[in-house]
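Enquirer: The chain contents come next:
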Amino acid sequence: MASYIGSATSRVDGRAKVTGEAKYAGEFNVPGLVHGYVVESTIPKGRIVRIDISGALEVDGVIDVLTHRNRPQMADNDDAYKDEVATEKGSPYRPLYDDIVLFSGQPLALVLAEDWETARVAASLVKVEYQKAPHVTDLHAERANAFAIDKPEEPRGDAEKAFASAAVRHEAEYFIPTEHHNPMELFASTAIWDDGKLTVYDKTQGVQNVQQYLCGVFKLKPDAVRVMSPYMGGGFGSGLRPQYQVVLAVLAARALKRPVRVMLSRAQMYALGHRPATIERLALGANSDGTLDAMTHEAIAVTSQFEEFARNDTGWGNLLYKSPNAKFEHKLVKLDVPTSCDMRAPGAATGVYALECAMDELAVALKMDPVQLRLQCYSDRDQGADIPYTSKQLRECYRQGAAAFGWDKRKAEPRSMREGSDLVGWGMASGVWEALQMPTTVRIVLTANGHAEVATAASDIGTGTYTIMAQVAADMLGLPIDNISVKLGDSTLPQCPLEGGSWIASSVCNAIANTARAVRGDLLKLAIGMKDSPLTGTGVDDVALIDGKIISRRDATRAVSIASAMQSGNADRITREEANKVAEDKSRARNVHSAIFAEVRVDEQLGVIRVTRVVNAVAAGRILNPKTAHSQVMGGVVWGIGMALHEETLFDHRFGRVMNANIAEYHVPVNADVHDIKVIFVDEPDEIVNPLGIKGLGEIGIVGVAAAIANAVYHATGKRVRDLPITLDKMVQFN
Amino acid sequence: MIPFQYARANDVADAIKQIATDPSAKFIAGGTNLIDLIKYDVEGPSRLIDISHLPLRSVEPTSAGGVLIGAMVPNTDLAYHPLIEQRYPLLSRAILSGASQQLRNMASTGGNLLQRTRCFYYYDTATPCNKREPGSGCSAIDGVNRINAILGTSEACIATHPSDMCVALAALEATVHVAGPAGARTIAFADFHRLPGNTPQRDTNLEPDEIITAIELPPKGFSANYSYLKIRDRLSYAFALVSVAAALELDGDTIKEARLALGGVAHKPWRSTAAEAALLGQRTDAAAFAKAADWLLHGAKGYGHNNFKIGLARRAIIRTLGQAARGTPQSNSDKKIR
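Just so you know, the protein sequences line up as chains S and X, in that order. For the first sequence, our numbering gives the first residue as 1, with consecutive numbering after it. For the second sequence, our numbering gives the first residue as 1001, with consecutive numbering after it.
Among the hints, a few may not be true.
To be verified - Simulated pairs of lysine-lysine, DSSO-like, Cα-Cα distance not exceeding 27 Å: (1) S/Lys23 to S/Lys132; (2) X/Lys1291 to S/Lys409; (3) S/Lys23 to X/Lys1039; (4) X/Lys1039 to S/Lys678; (5) X/Lys1291 to S/Lys730; (6) X/Lys1335 to S/Lys678; (7) X/Lys1336 to S/Lys411; (8) S/Lys89 to S/Lys409; (9) X/Lys1336 to S/Lys127; (10) X/Lys1335 to S/Lys719; (11) S/Lys730 to X/Lys1336; (12) S/Lys719 to X/Lys1336.
Said to hold, decoys possible - Residues on chain X that point at chain S, a partial pick, calculated with CB under 7 Å: (13) Ala1126; (14) Pro1128; (15) Gly1311; (16) Ile1337.
Said to hold, decoys possible - The following label-pair restraints were derived from C-beta to C-beta distances: (17) S/Lys678 to X/Glu1133: 49 to 55 Å; (18) X/Gly1065 to S/Ala412: 55 to 61 Å; (19) S/Ala404 to X/Ser1136: 32 to 38 Å.
Derived from the structure by calculation, the hints contain no laboratory data. The C-beta atom is built at its ideal place from N, Cα and C for all residues, glycine as well.
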């Protein structure tokens, strides 16, 4: 039987999704369902003086309106609201808690009605009177108030001195605006109370995180709360923390003693978390041969007034380039906005963008090919921790990516590759992310009819978790993939971490392997118990499960069918629950790497940019499923195009409000913006990172893409734009 | 959003009768803009009079040699109608560069003329906007105004009209047929949309109790030398930062007649007789095009974020006139600008 691992298996949940059989959080209908609609603040800071809900209550079909004044009780301490990914410092936001307004778009009331349309009508009739307070929403204006946090990597040597005496220097600031995730599925929660037990269907990347959070907020016993999220229409990090609608749904269900659904509108989703606007400063000093002598990376990013959110923006250079002198700094600016949150490759999408643009500028200053500069500075060790990698095939990414792209035909001089009215530019960048594993438990139930159920409390946010789990289980249990059913997205299932950080594939699949080994051990015991068993004397690691049989690895003629082993032992099912083994070994760095090559064509007069080709060569250990993996990385590249050219949450700082809170005006790439994307997976066997050699692909696809495009734009035009997105008015001096 | 009544109009006379009885009623055809505005609480009609079933769906040649387009003809049908594709390809290209296939399937010809601005502040009821709430002030003038107008603005409003189709209709000098309690009348396209002045709440000169019944195109379609170029922040499905409709009649490389209209820059499709006159008798070269661009952009004023539109429009005009003169109109499917 051919291995499923490594094969381009189609999504096992594809049919359910395209037929509508797959249900999302806002689609679970129960009798008597009440619909909630949120009334949000129109000001970013102040107090609620008065909320007039009388007009809303007069509307036929309205049941109640909840505000901070009449809501049921909820916890009154910060710890109760701290979920798994809450920031270390700060007070998590408490929905409908009191009269204080912390950001524009904050929920102030929840209108509850027999149907959603009625709730929305009534919501428009709720009148709020505020006492406004002065607000700040502009990072640039508040920059002087930035304060340092103690997160960044340790310094080495004297970066300032080395920079000052470097033969070739580059120093610049780069800017990434606020961005929003914009998953297609709107955030929604359906909460059902039944006999003291709470069931919640929620859009979340972590059912157990939400379950624990709700237990804290509503002082409930763990076995009284069940959270489910079987499918998700995109998360990208926005569903890592419990969002406020889940609290509102539970509050209302408790108040009314009826099931309640709260679904946000698209505009309301712009008051959830976001990628923080970030200023990045790079100072690179090189010797004339292109080796780095000084590397300084500083970031100033936005957080809310009430929590300190920060991710690693500045440490990525340590994983890519050798530099004896290095310095890192991370600062935050508090603004009257919701707390920033993780968004695909948090820290790296922004930090590596700046680093890789700076490296490109250094290459220009050195008159050196950008790939050559990366090779010249290439580091075989994590410079910060001074340890080697479990594996690092980045050189091969550069080589294969460059070959597929045709990089050797690049003319070095900017504006030298013209075609008609178009300036053609080729740029490249490196990408890097972490290869983490988190403690995860998987349950396998093998039944005598040769079917197995594999279960853990993971979420499949659309990336293909169902599919890779089925593939790995089928291989490990020696069963056809059609005989595997996967259960996830239910907090009552065995423990699983949040779907984030690119760690789910490695965590879940290695846990499946361990659990399957335990199942194999049970089967072997049964087989050995049979009369004249051909497997007598073999141990669990001497046998494999292949084609429905327990087979000796050394002698394939020694075999017992799984069915007969179970039958002889009178076992109608074998149930096992095991965890993966997460290495504590700190002697190796665990990372994925990539090299991105991009071609742009820029209309010289009009500044219109097209990204006509992208090659992304990725080294990420074992690729479980080339088909879903390809889609995953391609999606990252498309997002990188958006980050480079389109995405920007526009604030009017006078009002402290987002002005383009819809997907007509918040631009992401459309089909016309996406041309030829080639994804290469570089072979990278790695038995150290984890037993199955899986590194994860969730984030790496986007990392470095915006830099490669920005560098290509420079190569095409000779114009360096350092603040994203690169819109046409930044390309051409029109007036 | 507030609850509203829904009624169907049986014919044009019925539609006029119904709207006369209820000043806060609105006609609804494709609803591609109005329904959004109702959801955003920007519009709150007491009654929607559905005119989508009115028998105004034909595209017919006129005895004068032009074409009469029923107000209910969907944008898609119009763009792909053989008469339009062959004789008025400028109109076809302009329509296809707007919105998405799904929206064009729903949107009507008459409704396209009446779509409201996309100014951010018009859609955000938490901010002042003279168009939405007369007298409340214009937030865009000192605000996020990258997409706003540079021509024909007033202190009360710097909104733009978002239509692509209307830019072509302006260039083609279409006529709008309307009907009302006092009977039928026609409005020249140039007089249909208004500048904001002190009454930015009024986009057009259509009376509240009148209905658009048809658009008439004159015989001249400029099918040999035309182009519609739309410059936007992504390559499809975005409103124009600047768009240009250009149509030329040539004698060799000498311009005998010229039409030039801009979209995305003003409260209405922007034309100038001086700009078109400046092209007459000129050779089709960049110098002549630049002169016309300067005339057309005479008096243009930026408000900060949108300053670039002036220069962008100038270059886009020159490019579009070049495309028209060469007989190589901008393609809708190939996003490359030639």
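Enquirer: Is X/Lys1335 close enough to S/Lys678, meaning Cα to Cα at most 27 Å?
Expert: Holds. X/Lys1335 to S/Lys678 sits at ~21 Å (cutoff 27 Å).
Enquirer: Are the Cα positions of S/Lys730 and X/Lys1336 separated by 27 Å at most?
Expert: Roughly 19 Å separates the two Cα atoms, so the pair holds.
Enquirer: Using the C-beta atoms of S/Lys678 and X/Glu1133, is the stated range 49 to 55 Å upheld?
Expert: 52 Å Cβ-Cβ, so the 49 to 55 Å window holds.
Enquirer: Under 7 Å is the threshold here; is the Cβ of X/Ala1126 close enough to any Cβ of chain S for the hint to stand?
Expert: Cβ of X/Ala1126 sits 4 Å from chain S, so the hint holds.
Enquirer: Please verify whether X/Lys1039 and S/Lys678 have alpha carbons no more than 27 Å apart.
Expert: violated, 41 Å
Enquirer: Just to be careful, I want the Cα atoms of S/Lys23 and X/Lys1039 compared with a cutoff of 27 Å; is the pair within it?
Expert: Roughly 26 Å between the alpha carbons, so the hint for S/Lys23 and X/Lys1039 holds.
Enquirer: Are the Cα atoms of S/Lys23 and S/Lys132 separated by 27 Å or less?
Expert: violated, 42 Å
Enquirer: Does S/Lys409 lie within 27 Å of S/Lys89 when you go C-alpha to C-alpha?
Expert: Distance ~51 Å between S/Lys89 and S/Lys409 Cα, so the pair is violated.
Enquirer: With chain S as the partner, please determine if X/Ile1337 meets the hint condition of a C-beta pair closer than 7 Å.
Expert: holds, 5 Å
Enquirer: Would the hint linking X/Lys1336 and S/Lys411 be met if the CA-CA limit is 27 Å?
Expert: The given pair, whose Cα atoms are some 23 Å apart, holds under the 27 Å limit.
Enquirer: For the range 32 to 38 Å, tell me whether the beta carbons of S/Ala404 and X/Ser1136 fit it or not.
Expert: violated, 57 Å
Enquirer: When the nearest CB of chain S is found for X/Gly1311, is that gap smaller than 7 Å?
Expert: This hint holds: X/Gly1311 lies near chain S, its Cβ roughly 3 Å from the closest one there, short of 7 Å.
Against the hints set out earlier in the document, violations occur for numbers 1, 2, 4, 8, 9, 14, 19.
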